[in-house]
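K.L.:
Here's the letter readout for the chains.
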Amino acid sequence: MKNLGLYEQENTLLNSLMAIKQKAQTPSGKRGTKTKTDLSDEVTFDDLLVSVGATQNRDSFIRVFEYFAPRVKSFLMQGGFNPETADELAQETMLTVWDKASSFDPAQAKASTWIFTIARNKKIDYIRKYKRTPLKAEDLAFAQSETNAPDDNLATLQDNKALTEALEKLPEEQAALLRKSFFEDKTHNDIAEESDIPLGTVKSRIRLALERLRYHLGATDHG
Amino acid sequence: MAEFKDTLCTELGICDDVHALLWEYACGSLDKSHNLLIESFLDIRPQARKVINQFETIGGAMLEKGCNPTKMAEDSLARVLAAMDCSKATASRTKPDTEPDQQKLCKKSQELPPSLKYYINDCGQKPRWNKMVPGMAFCKLPGQDGRYTITILEAKPGVKVPDHKHKGTEIILVLSGAFYDENGTYTQGDIIINHDQSHHEPAVPKDCDRACTCLIVADNPMQFTGALTRLLNIFKL
Numbered sequence: 000m001k002n003l004g005l006y007e008q009e010n011t012l013l014n015s016l017m018a019i020k021q022k023a024q025t026p027s028g029k030r031g032t033k034t035k036t037d038l039s040d041e042v043t044f045d046d047l048l049v050s051v052g053a054t055q056n057r058d059s060f061i062r063v064f065e066y067f068a069p070r071v072k073s074f075l076m077q078g079g080f081n082p083e084t085a086d087e088l089a090q091e092t093m094l095t096v097w098d099k100a101s102s103f104d105p106a107q108a109k110a111s112t113w114i115f116t117i118a119r120n121k122k123i124d125y126i127r128k129y130k131r132t133p134l135k136a137e138d139l140a141f142a143q144s145e146t147n148a149p150d151d152n153l154a155t156l157q158d159n160k161a162l163t164e165a166l167e168k169l170p171e172e173q174a175a176l177l178r179k180s181f182f183e184d185k186t187h188n189d190i191a192e193e194s195d196i197p198l199g200t201v202k203s204r205i206r207l208a209l210e211r212l213r214y215h216l217g218a219t220d221h222g
Numbered sequence: 000m001a002e003f004k005d006t007l008c009t010e011l012g013i014c015d016d017v018h019a020l021l022w023e024y025a026c027g028s029l030d031k032s033h034n035l036l037i038e039s040f041l042d043i044r045p046q047a048r049k050v051i052n053q054f055e056t057i058g059g060a061m062l063e064k065g066c067n068p069t070k071m072a073e074d075s076l077a078r079v080l081a082a083m084d085c086s087k088a089t090a091s092r093t094k095p096d097t098e099p100d101q102q103k104l105c106k107k108s109q110e111l112p113p114s115l116k117y118y119i120n121d122c123g124q125k126p127r128w129n130k131m132v133p134g135m136a137f138c139k140l141p142g143q144d145g146r147y148t149i150t151i152l153e154a155k156p157g158v159k160v161p162d163h164k165h166k167g168t169e170i171i172l173v174l175s176g177a178f179y180d181e182n183g184t185y186t187q188g189d190i191i192i193n194h195d196q197s198h199h200e201p202a203v204p205k206d207c208d209r210a211c212t213c214l215i216v217a218d219n220p221m222q223f224t225g226a227l228t229r230l231l232n233i234f235k236l
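In order, the protein sequence lines correspond to chains A and B. Counting along the first sequence from 1, when you hit position 199 you're at 198 in numbering that gives the first Met the number 0, and nothing is skipped either side. Counting along the second sequence from 1, when you hit position 146 you're at 145 in numbering that gives the first Met the number 0, and nothing is skipped either side.
If you are wondering where the hints come from, they were derived from the structure by calculation, not from laboratory data. In this text, a Cβ means the ideal position worked out from N, Cα and C, and glycines have one as well. Misleading hints may appear alongside valid ones.
[Claimed, not checked] Derived Cβ-Cβ restraints for the label pairs, each shown as a range:
hint: 1; chain 1: A; residue 1: Asp58; chain 2: B; residue 2: Cys85; range: 25 to 31 angstroms
hint: 2; chain 1: B; residue 1: Pro68; chain 2: A; residue 2: Ala175; range: 41 to 47 angstroms
hint: 3; chain 1: B; residue 1: Asn67; chain 2: A; residue 2: Ala53; range: 39 to 45 angstroms
hint: 4; chain 1: A; residue 1: Asn188; chain 2: B; residue 2: Glu200; range: 24 to 30 angstroms
hint: 5; chain 1: A; residue 1: Ile196; chain 2: B; residue 2: Val132; range: 37 to 43 angstroms
hint: 6; chain 1: B; residue 1: Gly134; chain 2: A; residue 2: Arg127; range: 46 to 52 angstroms
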């Protein structure tokens, strides 16, 4: 989250956010030893979204917008949308972020997860022009997390840094396929045909990659 | 690099094929028909939601860290800020998800998973059940395009589905009851994937106390191969 460093001079906002953060008692990353990228003392996107939800803080919203809207746009463009539509859907995504921010709960999901599910659902809605949002929209991450034990959610939060590192360390053959399926909206079948890799291999490589990543969410046993 | 044992997926009996579908579902890249199948699966096996949640966390991390930003149009932020003021007023007026209109669902549809009920309800017409052979009925649902067919099949205990083969891939979700074929017995929540050209002759155990209901998403209509059952092809199941 080094991009947030750009805003470090905005001390007033930062201080108010820190106050909100302390109040919310967001669990800080305790997993492993402290590193220089440890965010426990910085404002995270989770904090920003909480302040958007609690106080309709526009400055916080703008910071979330400036980081995520261009990435949502990329995500959509790589999925085959033209720049204009991708821009519009990214705007819609951010508008929904604003509208629903009060339902964002950092104990249940990461800001990035939450924004991703909103963007994905906008994409699906646009493609299908289907009246009802098939994935029960923005509240997905929360509605579903009811089935998780509280400890699981905590693990998700604390391990996000580990997840990011694991993403970077994926073997290229796995990472490339994972990116294709994620960003380019390709089914396993499409990828197999396009890259001349047997379908079974595509499936197992993507599964290996995802298992490795999920391990860092405390989902799997090291064996 | 060491392998990681995926106990959650093992417990839930998630094979590579189903794992691939779940990831595609989380990415939002499934077509409407397969999306319906996975949502129905998640209704029946809510524990599998956890896998989806983890996939979404991975998706969020990829969005946040693994993606080069594309500059937004110059007026985008201004437009969103302007819309924010208007949307506050309308936000409370958004319609809640209404219960499916029970009138439109016929008797057989009552026990279906909620996602499937919603889907049928959104189709806007009462599902029509057709008899195939004694003790077996099916109902076709409209898909997004002509590429896939969505079928709900119901077979009573002791009924054998005539030998047939598939041109494309067929994915079956057991909604209730159980059936077996040459590879094993399947119960509620199981997903069976039959690939190209595979022959099979599924049947519902005689001693079952209830009918078996399945949701089937197929690439192509199945072909009945037995001499006497070729007539069934006219149903284009």
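K.L.:
Please flag the earlier hints that this structure goes against, numbers listed from lowest up.
P.N.:
1, 2, 3 and 6
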